[in-house]
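There are 2 protein chains.
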Amino acid sequence: MLNERKHKIAVVGCGNIGKSVVRSVLASKDLELAGIVRRPGSLRIPLPPEFAGIPIVSSIEDLECVETACLTVPTRCVPEYAEEILSLGINTVDSYDIHGELIRVKKRLNSIAKQMGKVAVISAGWDPGTDSVIRVLMEIMAPSGITFTDFGPGISMGHTTVVQAVPGVKDAIAMTFPKGSGLHRRIVYIVPEENADFSVIRKTVISDPYFCNDETVVIRTDNVEMLRDLGHGVIIGRKGTSGISCNQRFQYEMRIDNPALTGQVMVGAVRAGLRQAPGAYTLPELPLIDFLYGDRDSLLERLV
Amino acid sequence: MLNERKHKIAVVGCGNIGKSVVRSVLASKDLELAGIVRRPGSLRIPLPPEFAGIPIVSSIEDLECVETACLTVPTRCVPEYAEEILSLGINTVDSYDIHGELIRVKKRLNSIAKQMGKVAVISAGWDPGTDSVIRVLMEIMAPSGITFTDFGPGISMGHTTVVQAVPGVKDAIAMTFPKGSGLHRRIVYIVPEENADFSVIRKTVISDPYFCNDETVVIRTDNVEMLRDLGHGVIIGRKGTSGISCNQRFQYEMRIDNPALTGQVMVGAVRAGLRQAPGAYTLPELPLIDFLYGDRDSLLERLV
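Chains as they are written, first to last, in our numbering: chain A, 1 to 304; chain B, 1001 to 1304.
Honestly, the hints are just simulated from the structure, not real lab data.
Please read these numbers as outputs of a predicted model, since none were measured by experiment.
Built from N, CA and C at the ideal position, the CB exists for glycine as well.
Check before you lean on any hint, since a few could be wrong.
Straight-line distance between alpha carbons at most 30 angstroms, and here's what the computed DSS-like set of lysine-lysine pairs gives [as the list claims (entries may be wrong)]: (1) A:Lys179 x A:Lys6; (2) B:Lys1006 x A:Lys239; (3) A:Lys170 x A:Lys8; (4) B:Lys1029 x A:Lys107; (5) B:Lys1008 x A:Lys29; (6) B:Lys1006 x B:Lys1170; (7) A:Lys114 x A:Lys8; (8) B:Lys1170 x B:Lys1008; (9) A:Lys239 x B:Lys1170; (10) A:Lys6 x B:Lys1239; (11) A:Lys29 x A:Lys114; (12) B:Lys1203 x B:Lys1170; (13) B:Lys1114 x A:Lys179; (14) B:Lys1029 x B:Lys1114; (15) A:Lys179 x A:Lys239; (16) B:Lys1008 x B:Lys1029; (17) B:Lys1107 x A:Lys6; (18) A:Lys179 x A:Lys203; (19) B:Lys1006 x B:Lys1029; (20) B:Lys1203 x B:Lys1179; (21) A:Lys203 x A:Lys239; (22) A:Lys170 x A:Lys203; (23) A:Lys114 x B:Lys1170; (24) A:Lys239 x B:Lys1203; (25) A:Lys8 x A:Lys29; (26) B:Lys1006 x A:Lys107; (27) B:Lys1114 x B:Lys1008; (28) A:Lys239 x B:Lys1179; (29) B:Lys1179 x B:Lys1239; (30) B:Lys1006 x A:Lys29.
The calculated label-pair distances, taken between Cβ atoms and stated as ranges, are [to be verified]: (31) B:Tyr1293 x A:Glu194: 31 to 39 angstroms; (32) B:Leu1227 x A:Arg228: 27 to 35 angstroms; (33) B:Ser1207 x A:Arg228: 52 to 60 angstroms; (34) A:Glu253 x B:Gly1041: 55 to 63 angstroms; (35) B:Glu1101 x A:Arg185: 45 to 53 angstroms; (36) A:Ile146 x B:Asn1223: 50 to 58 angstroms; (37) B:Glu1301 x A:Lys179: 21 to 29 angstroms; (38) B:Ile1219 x A:Lys179: 44 to 52 angstroms; (39) B:Gly1182 x A:Glu225: 37 to 45 angstroms; (40) B:Pro1055 x A:Ser144: 24 to 32 angstroms.
The task is simple: from the sequences and hints, build the whole structure.
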């Protein structure tokens, strides 16, 4: 494996997750960066000094020999980018996070991927993503019972992006707090633009599909800088029955740098994508060992 | 799926795990019992009343149309049984638990399985098994760092079986206690046979590969009945780095009826085995969604 050619990866978008993907690719032994694809409007925003030397382009077609593109654009733009890039004959990995839509997106990408002989790994973040794997695993172990997923406290990047795009919002941060039993409170801190009608902003946020199913508190503030912290976490618990034995108890908890984890999972998904038959896959549909770098037997010997 | 023919399963062996497999098969909608295979010497041992009506035979060849055999014989006998049953053209699932040997066993079974166009799922218990999946998942999320697996407190069925087979042992129970950081203490309670040399028994136990790597305390007692309790558990923790972000913290904990969980995981593995290309697989090599019963898209919609 050590003498194998490195696989060439493009990172599309260069926000928090894009930067994390770049760092995880730089830390990997089997992958290398073909380049970063940024929107022309973003090209002036400076990148971290350790990114010096990485080609920056405004179209993925300006990069050569890209095998996989990691899509770190806003989640709502993911399906369009993925379709376009798969059609160029390039594998895609994304961390698309709209739970209710992802099976539909998977079907769209599945047919293009098959047609092109390529692979799309979708929703390769932590939720959906690695948390989905945990939920499936817990249901394998105790098929009847109840699972709850309690997020936070932490800033939700997806929710924050949605709020920042609301007309009249100058800056914003959306935080998620666990209420227990799988219920959450969203607290949205908003710096409105001058002359903006805050009650309209509030209504727009509360009725957005990202927020309308949770208790949402919208708070007006003049500064969100002091709230910035990319730490996040989750507790997933299940109480269920295996066979006829009740009270089987499972709990998974993590406390993590949110974009760093997402970036790392996407990089694992790049590897897994290169090892599958053409099509679109979510994480529970993939053999997990395919996400790791290294000799298969040695990995299994150490981890099984 | 509801109208599909049920898959016929044989359970080989009928100890704690065998009984649990039977119960999990009875609770499943897509599997049915072809029968239970017991050694002629065990045929007199009564089975639970709810097992009435299940064919009991002394050879798997006495059962018809078996698609998968769940091997619940003592772990050291598993490779031989698996080879024999795969050679009959029947898928196998086992919970083989000798970590240092399982890749070798996998290779042996892999060639027979491929030759016969069948599938062997090996080490489909909780450790190795679902815990292996957790360890792989944690390493995907934070490729560098340290993982520890802390078992117990609980009776180790594998270790108990080993001790019960030591000459001069009338009855025994082997318990595992977590010392933290992945280290364990084994406490072995032994009722010796009259005239047995206890110091020889102690030496045999302590030098057995199952015990020689852990602190092992051997205690002589005249009754182990009061210690019987099939509850067990594990904590798996990882502290590691994703990209350049350190202090990523992951913890998984479960408290479970030990044989009930193993039986349930084996039943999931039966399903997964029926969905793979011929060969031998450990759990991290299989898509987890294949372990669940139900419409694929509905499962993904609910769990991803």
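Do the hints match the structure? See the list:
Between the alpha carbons of Lys179 (chain A) and Lys6 (chain A) the distance comes to roughly 45 angstroms, so the proposed pair goes past 30 angstroms and is violated. Of the pairs offered as hints, the one joining Lys1006 (chain B) and Lys239 (chain A) holds, with about 28 angstroms between alpha carbons and a cut-off of 30 angstroms not exceeded. Between Lys170 (chain A) and Lys8 (chain A) the CA atoms are separated by roughly 38 angstroms; this puts the pair beyond 30 angstroms, and the hint is violated. The hinted pair formed by Lys1029 (chain B) and Lys107 (chain A) meets the criterion: a straight-line CA distance of about 27 angstroms does not exceed 30 angstroms.
Pair hint Lys1008 (chain B) plus Lys29 (chain A) does not hold up; C-alpha atoms about 46 angstroms apart against a cutoff of 30 angstroms. Restraint check for Lys1006 (chain B) and Lys1170 (chain B): the C-alpha separation of about 42 angstroms exceeds 30 angstroms, so the hint is violated. With a C-alpha separation of about 21 angstroms, the suggested pairing of Lys114 (chain A) with Lys8 (chain A) holds against the 30 angstroms cut-off. For the hint pairing Lys1170 (chain B) with Lys1008 (chain B), the CA-to-CA distance comes to about 38 angstroms; that exceeds 30 angstroms, so the pair is violated.
A C-alpha spacing of about 37 angstroms is found between Lys239 (chain A) and Lys1170 (chain B), which places the hinted pair above 30 angstroms, so the restraint is violated. Restraint check for Lys6 (chain A) and Lys1239 (chain B): the C-alpha separation of about 28 angstroms stays at or below 30 angstroms, so the hint holds. For the hint linking Lys29 (chain A) to Lys114 (chain A), the alpha-carbon distance of about 29 angstroms falls within 30 angstroms, and the restraint holds. About 16 angstroms separates the Cα atoms of Lys1203 (chain B) and Lys1170 (chain B), which keeps this hinted pair within 30 angstroms; it holds.
Annotation: proposed proximity of Lys1114 (chain B) to Lys179 (chain A) is violated, straight-line Cα distance about 51 angstroms (limit 30 angstroms). Between the alpha carbons of Lys1029 (chain B) and Lys1114 (chain B) the distance comes to roughly 29 angstroms, so the proposed pair stays at or under 30 angstroms and holds. Proximity of Lys179 (chain A) to Lys239 (chain A) is assessed by CA-CA distance (about 18 angstroms); at most 30 angstroms being required, the pair is judged to hold. Distance hint between Lys1008 (chain B) and Lys1029 (chain B) is fulfilled; the C-alpha atoms sit about 12 angstroms from each other, no more than 30 angstroms.
Taking the CA atoms of Lys1107 (chain B) and Lys6 (chain A), the gap is about 28 angstroms. The hint holds against a cut of 30 angstroms. A hinted pair counts as satisfied when its Cα atoms are at most 30 angstroms apart, and Lys179 (chain A) with Lys203 (chain A) qualifies at roughly 23 angstroms. Taken as a hint, the Lys1006 (chain B) and Lys1029 (chain B) pair is honoured in the structure, with Cα atoms around 8 angstroms apart against an allowance of 30 angstroms. Taken as a hint, the Lys1203 (chain B) and Lys1179 (chain B) pair is honoured in the structure, with Cα atoms around 23 angstroms apart against an allowance of 30 angstroms.
Distance check on the hinted pair: Lys203 (chain A) and Lys239 (chain A) sit about 37 angstroms apart at the alpha-carbon level, beyond 30 angstroms; violated. Restraint check for Lys170 (chain A) and Lys203 (chain A): satisfied, since their Cα atoms lie roughly 16 angstroms apart, inside the 30 angstroms limit. Only pairs whose Cα atoms come within 30 angstroms are accepted, and Lys114 (chain A) paired with Lys1170 (chain B) is rejected, the gap being roughly 62 angstroms. Note on Lys239 (chain A) and Lys1203 (chain B): the hinted pairing is violated, with a Cα-Cα distance of about 41 angstroms set against a maximum of 30 angstroms.
For the hint linking Lys8 (chain A) to Lys29 (chain A), the alpha-carbon distance of about 12 angstroms falls within 30 angstroms, and the restraint holds. Proposed proximity of Lys1006 (chain B) and Lys107 (chain A) is supported: the alpha carbons are some 28 angstroms apart, at most 30 angstroms. A hinted pair counts as satisfied when its Cα atoms are at most 30 angstroms apart, and Lys1114 (chain B) with Lys1008 (chain B) qualifies at roughly 21 angstroms. Among the hinted pairs, Lys239 (chain A) with Lys1179 (chain B) is consistent with the structure: their alpha-carbon atoms are about 26 angstroms apart, no more than 30 angstroms.
Annotation: proposed proximity of Lys1179 (chain B) to Lys1239 (chain B) holds, straight-line Cα distance about 18 angstroms (limit 30 angstroms). A distance of roughly 46 angstroms separates the Cα atoms of Lys1006 (chain B) and Lys29 (chain A); the hinted pair therefore is violated under the 30 angstroms criterion. At roughly 58 angstroms, the beta carbons of Tyr1293 (chain B) and Glu194 (chain A) sit outside the given window of 31 to 39 angstroms. Between Leu1227 (chain B) and Arg228 (chain A) the beta carbons are some 54 angstroms apart, a value that contradicts the proposed interval 27 to 35 angstroms.
A hinted range of 52 to 60 angstroms holds for the C-beta pair Ser1207 (chain B) and Arg228 (chain A), which are about 58 angstroms apart. The supplied range of 55 to 63 angstroms is broken by Glu253 (chain A) and Gly1041 (chain B), whose beta-carbon atoms lie about 47 angstroms from each other. A hinted range of 45 to 53 angstroms for the beta carbons of Glu1101 (chain B) and Arg185 (chain A) is consistent with their spacing of about 51 angstroms. Checking the proposed 50 to 58 angstroms range against Ile146 (chain A) and Asn1223 (chain B) shows it is violated: the Cβ atoms sit about 39 angstroms from each other.
The hint said 21 to 29 angstroms for the Cβ distance between Glu1301 (chain B) and Lys179 (chain A), and at roughly 24 angstroms that hint holds. At about 48 angstroms, the beta-carbon gap between Ile1219 (chain B) and Lys179 (chain A) stays in the expected band of 44 to 52 angstroms. Taken as a hint, the range 37 to 45 angstroms holds for the pair Gly1182 (chain B) and Glu225 (chain A), whose Cβ atoms sit roughly 42 angstroms apart. For the pair Pro1055 (chain B) and Ser144 (chain A), the supplied restraint of 24 to 32 angstroms holds, since their beta-carbon distance comes to about 27 angstroms.
Checked against the numbered hints listed earlier, the structure breaks hints 1, 3, 5, 6, 8, 9, 13, 21, 23, 24, 30, 31, 32, 34 and 36; every other hint is satisfied.
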